[in-house]
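These protein sequences, in sequence, are chains C and B.
Numbering-wise (our numbering), the first sequence opens with residue 1 and increments by one.
Numbering-wise (our numbering), the second sequence opens with residue 1 and increments by one.
Worth flagging that the hints you see were computed from the coordinates, not collected in a lab.
Cβ coordinates follow ideal geometry from the N, Cα and C atoms, glycine included.
Hints should not be assumed to be uniformly reliable.
[As the list claims (entries may be wrong)] Covered by chain B, per the in silico footprint, the following chain C stretches (three or more residues, Cβ under 8 Å): (1) 205-215; (2) 269-275; (3) 283-291.
[As the list claims (entries may be wrong)] Sample of chain C residues lacking proximity to chain B, with all beta carbon distances greater than 10 Å (derived): (4) Val145; (5) Ala163; (6) Val165.
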Amino acid sequence: MIRYLVRRVLGGLVTVWFIATATFFAMHAVPGDPLLNDKAVTPEIRANLEARYGLDQPILTQYAIFLGHMARGDFGISFTQKNRSVNDIIREHFPVSAALGVLALVFAASGGIVWGALTAQYRNRLPDAVIMFLVILAISVPSFVVAALAQLGILYVNRWFDASVLPVAGWGQLRHALVPALVLGLGTMAFLTRLMRSSLLDVMDADYIKTARAKGVGPFRVFWRHQLRNAVLPVVTVLGPAVAGITTGGFVVELVFAIPGLGRYFVQAVQQLDYTVIMGTTVFYGAFLVAMVVLIDILYGLVDPRIRLQ
Amino acid sequence: MNEATTPMFPELPSSAFAPLSLPESEPLRQQPAASYWSDVWRKLRTNRRAFCSLLIILMLLVFTLIGPLLWPLDPAQPNLDLISRGPTLGGQAQVVDLSRPWVVPQVTSWPVSPVSNAQTLAAPVAIALVEPATTQAVRIQWDPVVGAAGYVVYRNDHQPESNQDLGLPLRTLFGGNQVGHEDRLRLRPGTYWYSVVATNGVDESPVYTTLAVDVHPGVRLRDLPQLGRAGQAGDFVELPAHPLGTDYLGRDLLARLMHGARVSLFIGLTAPLLFVALGALYGGVSGYIGGRTDRVLMAVVDFVIALPFLLFMILFKIAFGIGPGESGILPLLVALVLLSWPGAARLVRGQVLQVREAGYVQAAKLLGGSTLYLVFRHLLPSTFGVLLVALTFAVPSAIFTEAFLSFIGMGVVPPTPSWGSMCNDGMKTMMSHPHELIFPAAMISVTVLAFNLFGDGLRDALDTQLGEPGK
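With the rest of the complex left out, here is chain C (with noise of 0.2 Å):
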């Protein structure tokens, strides 16, 4: 078990090494000169900015310095906002993100684990084709139209009732954030649905559930206790892969319902070529992806018995 988790470990900050090694190589090669972004600047102020900025080196020192800094957890500082460091930027805005996104993972799995348990449910039946037809729907829209309808559909809730039910955009209080949590967790509630269905479809008539109707078990002590317990496997599995869908869709809900999340950071960042940002953002959230995939691993060894970690 701890020869595992050392593994994975060691090879989690390897893949983290490749990414920040990919990112600092592939800014390098974007055309142009992050400098000339604004204004022409005098040969001694541009000298004094290259030394700021450590891009008088050759690219080797460069990459040297930039790993170093990074092993330090500095990603220095950003290039449109004055003596902001990256790290201010991500300390300040992540926990936003991250809030919004646990908010919506919670949407997403309990949505999916009922809307899936239903379908299993009524198997062929009226719920299930409504259902699973709204999850083709979810798969099938993109974020950012659901993000703007769902903004929409706020605007006429609260025309409704004269009221400011639900706050159209901003960040704050919890109310903020139920609305743009659900659009976010939509598209991975709607997969876990169909992931739910096809998992207790399984397990539906195994022998195990047979034996416990035959003993007299309860229709729904017979789902909870042995058809929902089986199914819901599979679905840590996948949790890796929502967590990596979250925080990228998260760009968009953010950037439409106005949260300062990190992830609206980082699209503004792209758009003003804010080399440090970009590069800072990459590998913090590359290095979080990596932490969650290995963690989820590792969870789900705990969950199910029969994985043994080696």
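Put chain B on the given structure of chain C with help from the hints.
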């Protein structure tokens, strides 16, 4: 088990055991053995959802490839007269020559002798149209009012009920002899009520005269070549129809959807084809060679899979750069291929590892089949089914990626339409002109839906263990 109660062999007469004779005239029915692919096609055809999806996909291809030939409007041609118009079916428009300025009619013989009290001023009489009213210009003229030092012209969208309800003040004219006005302010087809009030130079008279004007579509003479029409001032020409309306620059939405489909579907189909082929080759080689090489090659796959996809899409797109005049499609394609091949590589490797040990492959090897022969004759064909399914499911995600990137402004460059960038544009006017968002969003959704359902059906059809579809 009830053999014990019923006799196993009922008593039969010996005549029942005479051999049947096969009539010579009726030849043996020859039916070709159903091959794997013909079986797949049969299952697919009987799966109604998958078959409908296939039809929709074919219709989309027709829409994309043949559509622009049948609908030759230029998707990049703005028309500032038709900004954000809902679906219209063309119709007639009168040509107006606006190349020379219109001079306000002046009455030369009218003595300008202003009165001091505006209350005593009469309302202008006999307001009349000078020319046919079109959406390009409405020109009105009225008879001067005795003692007026000027006039104010108002426009409203309904019949005014009092002098407080005259609507938008269009113009204040100074001089009692200035008796005309040309209105060119955002005119739409419909009825407008123009009211004219006399002033003493400072205050307005309480009485007014109103003229209801029916405004008809008009087109400027100098815009005719742009629309592909010819004519003179006063002629009526047929306007191009916009069955899906126009966007925020007055560009035809249907033409843009067709050309946008070329971008979206080109990326959505080409990128998966390329990266699935690349991945198949990579995975096939890795799986076939096996051993240490396989481990190293698969480690690379693991790394590429670990890259945060959208972030690296954006990063690569910036890194490749877009020159002036380029559409940005190629960088998008390259970035997509570079980041998406590992999925297919894993898939094919797994399949190859499985098949490599199969008896028929071993036999071929034993008979002296070369490596290349084995790979291309036995290993890759066996992965074809899985790859086809992977390909179908890769199409929606490629379309989504393009749409997402275009949505955040990192996709194709503006004059080139794509469904994603059209959604992005449409979102800004979502409240007032929802059609600009609805049509491209619907196109994306229908396409993705069709490919998803088709992929489902294909997977069921390819799965020989599943039996009949429809579970």
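Quiz item: Any hints this thing doesn't respect? Which numbers, in order?
Solution: 1, 4
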